[in-house]
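Per the numbering used here, the very first residue in the sequence shown carries number 52; after that it's consecutive.
A few of these clues could be false.
[To be verified] Just the calculated beta-carbon pair ranges, DEER-fashion:
{"#": "1", "residue 1": "142", "residue 2": "93", "range": "17 to 25 Å"}
{"#": "2", "residue 1": "63", "residue 2": "108", "range": "18 to 26 Å"}
{"#": "3", "residue 1": "153", "residue 2": "119", "range": "37 to 45 Å"}
{"#": "4", "residue 1": "158", "residue 2": "133", "range": "24 to 32 Å"}
Note that these hints are calculated values from the structure, not bench results. The beta carbon of each residue, even a glycine, is placed where N, CA and C say it ideally should be.
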Amino acid sequence: MRADSVETELLALDLDSSELMGAVAAALAEMHCTVPASQLQRELANARCVLATQDWAAFEKYLETLGTRYARSGIELSVWQATAFTVLDVVQARVLAVHGGAPARLAPLLA
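All chains, full assembly: derive it from the sequences and hints.
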């Protein structure tokens with residue numbers, strides 16, 4: 052992974068997994084759905100590992116597998132989408148907090 056890549060910068064934000072887990076758990080609860088905290092923690096760790104390789108096909112496959120597993124367990128697509136947007140909200144807030152004073156760095160990170 053190139054040291055100056057957008058992906059490297061996103062991974063370097065040091066998003067606290069408990070911050071993401073809290074946001075995802077709140078989104079799920081709002082939609083009357085629960086996923087065990089241990090499962091959320093495992094899924095976040097797996098996603099980070101796949102992202103770190105920059106193998107976008109593998110990341111797509113990981114998300115597809117995760118979505119299929121959720122669908123088979125009865126979790127609706129709307130819940131999956133709300134969860135994904137919740138993660139995006141947390142990432143965007145962190146990007147703004149870390150790079151808010153550097154518009155040239157913000158643009159590619161928020162694109």
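These are the hints, each one checked on the structure:
With their beta carbons about 19 Å apart, residue 142 and residue 93 fall inside the hinted range of 17 to 25 Å. The hinted window of 18 to 26 Å between residue 63 and residue 108 holds, with their beta carbons roughly 23 Å apart. In this structure the supplied range 37 to 45 Å holds for residue 153 paired with residue 119, their Cβ-Cβ distance being about 39 Å. Remark: the range hint 24 to 32 Å for residue 158 to residue 133 is upheld by a beta-carbon distance near 27 Å.
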